[in-house]
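K.L.:
Listed here are the chains, written in short residue letters.
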Amino acid sequence: MAVIEGRPRRGALLPWFGALSGTRGGALAIFVGRRILWMIPIVFFVIVITFFLMHQAAGSPWDRTGGRQLSQSVIDNLNAKYGLDKPEWQQFLIYVWDVIHFDFGLSYQYEGKSVTSLLGEGWRYTAVIGGLAFLLIVPVGVGLGVLAALRQNTRVDYATMGFATIAASFPNFVVGVLMVVVLSVTMYKLTGGSFFLPSSDFALDDHLIMPVITLSLLPIAYTARLTRASTLDTIRQDYVRTAWAKGLSERLVVIKHILKNSLIPVVTTLGPTFAFLVTGSVIVETVFNIPGIGRAFVVAVESRDYPMILGTTVLFSVVIAVANLIVDVAYVFIDPRVRLT
Amino acid sequence: MHVGSGFRAIALASAGMFVVAACGTSSSAGVSMAPNDKQIFRVNDGTEPNSYDPGQETYTYEAAVGRNVFQPLLTPKADLTDVQPAAAKSYDVSSDGLTYTFHLQPNGKWSDGKPVTGADFVYGWQRLLNPALAAGYVDPFFDGTVAGAQNYGSIDPANTSAVDSFIQGLGLSAPDATTFVVKLQHPAAYFKWVATLWVAAPIRKDVVEQAAGGSFASTDATKAEMWANSANTVIGNGPFKISEIVSKDHVTLVPNTNYWGGTAHLQQVILKFIADGNTAFSQYQTGALDQINVPVADVTVVRGDAVLSKQAHLLPELTVFWMTYNTKRAPLDNADVRMALSKAIDRDKLVNDVEHGTDKAIASFFPRGMNGYDNSDNAQSFDPAAAKALLQKAGITVDQLSKLKLMTRNTTNSKTLNTFIADQWNTNLGTNIQLDVIDSKTVTRNIRKGQFDIYGPDGWGADYPDQQDWADIFTSTACHGLNFGCPTLTGYDDIVQKADTETDQAQRNKDYATAQKILIDQAAVGFIFQQYEYDLWKPNVQITNTPFDDEYVPGDQNYNSAYISA
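Chains A and L are the protein sequences, given in the same order.
Numbering follows the working numbering, with no gaps: position 240 of the first sequence is 240.
Counting the second sequence from 1 gives a position; the working numbering is that position plus 1000.
Pulled out of the complex, with its shape left as it was, chain A reads as follows:
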């Protein structure tokens, strides 16, 4: 999307916005508007793929993992109740029609509850944990990276990169469980009180500490390594040498000349990082028993709750598309050479 140099093309999809394209803000508005319209076909194809993959997967929502299986007459009645007795293409058309009317259907797992209300209950947990993790990732990751680059081949560098390597190689379900064992269980045994009790009456308080750390560890490591490499690259540029030669203070050189230029590749990865936070919530919420949409998605897939699987997937895809859009827009403010089309 980002084109360096040149004038932006007129928005073919939105000719009536053409008048706006003369200004930089106008170009941005067209770009954003067009990307939002593009989300409609994206969501449609996400629904197509998810719908047919989901129905292709073995098993039905009425399977029991053990014990008494439902009898055929009960299964027939359930299929009729939820419209699963119709051919698949009809079910698909009905679903798309309902989605156009913002009706995502009723969950199979929770009798009489709509997918929209279930996602409404869960999203704030996922958003708060993801948001806090995101706030942690940028300063910590970038800070560690810059520090390591400025002190290249010293103990600081080795320690930082050693930490980043270790953090990047531990999967988050291991980190989460380890933290529970060490901080909660062992502390309780030693002191009779425990830190950050996992999710007993989950609330938005100190229960957040462990899940947020667990979720952000890998992106922090990744961001730190990327920032270090990018900063090392920038340090060797002629304009930085010039800045030093002019006798500018270290503070000014680092912040104004090095940091700003070395951040561009980091910003590029923030979109995927955001996607990772959303998908990572699936595991973290399961480990810490957080009632967010990540866990709801896992449970829905396990029990073949078709409307819930589709609803969650659509929500995830919209969130990720919006995150990428924000990143693209952020380029404009970081790199003056970037023009949006």
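Among the clues, some could well be false.
[Said to hold, decoys possible] Capping the alpha-carbon separation at 20 angstroms, the derived lysine to any residue pairs in SDA-like fashion look like this: (1) LYS1405(L) / ARG1303(L); (2) LYS1441(L) / GLU302(A); (3) LYS1510(L) / ASP1521(L); (4) LYS1441(L) / PRO61(A); (5) LYS1441(L) / THR50(A); (6) LYS86(A) / LEU135(A); (7) LYS1449(L) / ASP1436(L); (8) LYS1441(L) / GLY112(A); (9) LYS1441(L) / LYS113(A); (10) LYS1223(L) / TYR82(A); (11) LYS113(A) / LYS1223(L); (12) LYS81(A) / ASP1436(L); (13) LYS81(A) / MET1226(L); (14) LYS1538(L) / ARG1303(L); (15) LYS81(A) / THR1222(L); (16) LYS1498(L) / THR1514(L); (17) LYS1038(L) / PRO61(A); (18) LYS1441(L) / ARG64(A); (19) LYS113(A) / THR1222(L); (20) LYS1310(L) / TYR188(A); (21) LYS113(A) / SER1154(L); (22) LYS1449(L) / ASP63(A); (23) LYS1441(L) / TYR188(A); (24) LYS1441(L) / PHE51(A); (25) LYS113(A) / ALA1231(L); (26) LYS1205(L) / GLY112(A); (27) LYS113(A) / ASP1521(L); (28) LYS81(A) / SER1154(L); (29) LYS113(A) / SER1230(L); (30) LYS1328(L) / SER1161(L); (31) LYS1441(L) / PRO272(A).
[As the list claims (entries may be wrong)] Derived contacts from chain L toward chain A, CB cut-off under 7 angstroms, selection only: (32) SER1051; (33) SER1247; (34) ASP1249; (35) LYS1441; (36) GLY1491.
Source of the hints: derived by calculation from the structure; they are not laboratory data.
Note that beta-carbon positions come from the ideal geometry of N, C-alpha and C, so glycine has one too.
We have chain A already, so just place chain L on it with the hints.
P.N.:
Relative to chain A, chain L alone:
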């Protein structure tokens, strides 16, 4: 309280066994009760219930709430030998065994203070049997029991007039406010147990219709369930009522002060929804839960811990596991081959090495703690030499057996167990039988279609502690539905049908014993072990347990007598 011959003597041996297993838990006199503000019991329910409408509840984690908030007509005695009064103070059976008349508790009340009437039971049972509501646990009510319900499977759930006439034609009636009458399709001595199921609860028509905003068509499943999601509208007749529902986290029960049997001691029962066993275990250790089921992986941790090991309890469940042989495939159509495989498994070694001794070996069908338990037939007991001799007699070579695959669910538990069992066969019979590990959903599809050689561990947990609930599994009509190996068993269908409609308890016991002998001797399946629960609860929790298949919430039937000691 009941008509018909007593049968307590038969069950004494098994009941005794259960009492021994559970003796550490019974609330003995002399233990003083903690003050009311300490009467809070926090237990892990595992998963959030689908619904708080008892008729829609099919899993144990759902029944755990339903059994406490609603009360069926009867309830099992603690030793499971017979039923005892619950919402009905007594019942009569007509001499032909076809009509059950339940006399309700004269002071039975709903949590809002209104009296529980026979009409409430008629409405609750009509909802349960309404095909449009598609209740998951309805089978015991249409399958050979309630008159008129035998057509359940052939009613179009979208056709209002068909559904209406089906519901009105059911053999359910309330001649007066305190009487509820059920007519049966044929005599069924086990019907008293069906009346103990949590789904057989009364439901208030006025509450349902108010939540739906007026009366609605019998086929409108959405309106019919609108009452069942809010603590305000779930009005029950049980010892507890719901005070708070926090979706995905917990549900809180408080005493129903209008309950006919007196107010419960526990002032709050908090059922948490923690799906991950390890998370629950760490919460128990940090004091956030009072009772949990120990994950198998943590059993050795508990045993090695000085404090935890004293809080552990091993309780029998009415659940038996077996290996299912696909009898439609050679050479498993030969009973001698099935018997050889069954005799080549060292069950004691299995429960000790793989299950850490938390389950018990069994080579018979009806579990310990239930009517009909009898392990005297040792035809399937471990005996590798006899197993080899049987193979020779059948003329089956080791190579033929080695072609068989053991279909295994892709779960740690199944893989560990089946690896051990295949190893037993390969060691004791010299075969080379391999596992076929497939994802769980595909396994379920395959067993229903009969696409496997050997499958396990397969099993059954009691719906109610009567042999009928078990024996029916292996009838030929249940092929691919409840039993997946579809064995053709000489004389089995006849004896089970005779026992199911027999009203004399002594004769029933005799017939079911014959049925069990057929299953064992013809190696319908290879019985392996009975499941036990390994639970932890704090020393101040005083609770009695019944050995029901409640893997998440032990003792869920007795919260009204449970308490926290000082």
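K.L.:
Does each hint hold? Answer for all of them.
P.N.:
Cross-check of the supplied hints:
no.: 1; hint: LYS1405(L) / ARG1303(L); verdict: violated, 36 angstroms
no.: 2; hint: LYS1441(L) / GLU302(A); verdict: holds, 9 angstroms
no.: 3; hint: LYS1510(L) / ASP1521(L); verdict: holds, 16 angstroms
no.: 4; hint: LYS1441(L) / PRO61(A); verdict: holds, 10 angstroms
no.: 5; hint: LYS1441(L) / THR50(A); verdict: holds, 18 angstroms
no.: 6; hint: LYS86(A) / LEU135(A); verdict: violated, 47 angstroms
no.: 7; hint: LYS1449(L) / ASP1436(L); verdict: holds, 16 angstroms
no.: 8; hint: LYS1441(L) / GLY112(A); verdict: violated, 25 angstroms
no.: 9; hint: LYS1441(L) / LYS113(A); verdict: violated, 25 angstroms
no.: 10; hint: LYS1223(L) / TYR82(A); verdict: holds, 14 angstroms
no.: 11; hint: LYS113(A) / LYS1223(L); verdict: holds, 12 angstroms
no.: 12; hint: LYS81(A) / ASP1436(L); verdict: violated, 35 angstroms
no.: 13; hint: LYS81(A) / MET1226(L); verdict: holds, 15 angstroms
no.: 14; hint: LYS1538(L) / ARG1303(L); verdict: holds, 15 angstroms
no.: 15; hint: LYS81(A) / THR1222(L); verdict: holds, 9 angstroms
no.: 16; hint: LYS1498(L) / THR1514(L); verdict: holds, 11 angstroms
no.: 17; hint: LYS1038(L) / PRO61(A); verdict: violated, 41 angstroms
no.: 18; hint: LYS1441(L) / ARG64(A); verdict: holds, 9 angstroms
no.: 19; hint: LYS113(A) / THR1222(L); verdict: holds, 9 angstroms
no.: 20; hint: LYS1310(L) / TYR188(A); verdict: holds, 18 angstroms
no.: 21; hint: LYS113(A) / SER1154(L); verdict: violated, 28 angstroms
no.: 22; hint: LYS1449(L) / ASP63(A); verdict: holds, 13 angstroms
no.: 23; hint: LYS1441(L) / TYR188(A); verdict: violated, 40 angstroms
no.: 24; hint: LYS1441(L) / PHE51(A); verdict: holds, 18 angstroms
no.: 25; hint: LYS113(A) / ALA1231(L); verdict: holds, 15 angstroms
no.: 26; hint: LYS1205(L) / GLY112(A); verdict: holds, 18 angstroms
no.: 27; hint: LYS113(A) / ASP1521(L); verdict: violated, 50 angstroms
no.: 28; hint: LYS81(A) / SER1154(L); verdict: holds, 15 angstroms
no.: 29; hint: LYS113(A) / SER1230(L); verdict: holds, 11 angstroms
no.: 30; hint: LYS1328(L) / SER1161(L); verdict: violated, 43 angstroms
no.: 31; hint: LYS1441(L) / PRO272(A); verdict: violated, 32 angstroms
no.: 32; hint: SER1051; verdict: holds, 3 angstroms
no.: 33; hint: SER1247; verdict: holds, 6 angstroms
no.: 34; hint: ASP1249; verdict: holds, 6 angstroms
no.: 35; hint: LYS1441; verdict: holds, 3 angstroms
no.: 36; hint: GLY1491; verdict: violated, 25 angstroms
Hint violations for this structure: numbers 1, 6, 8, 9, 12, 17, 21, 23, 27, 30, 31, 36, all remaining hints satisfied.
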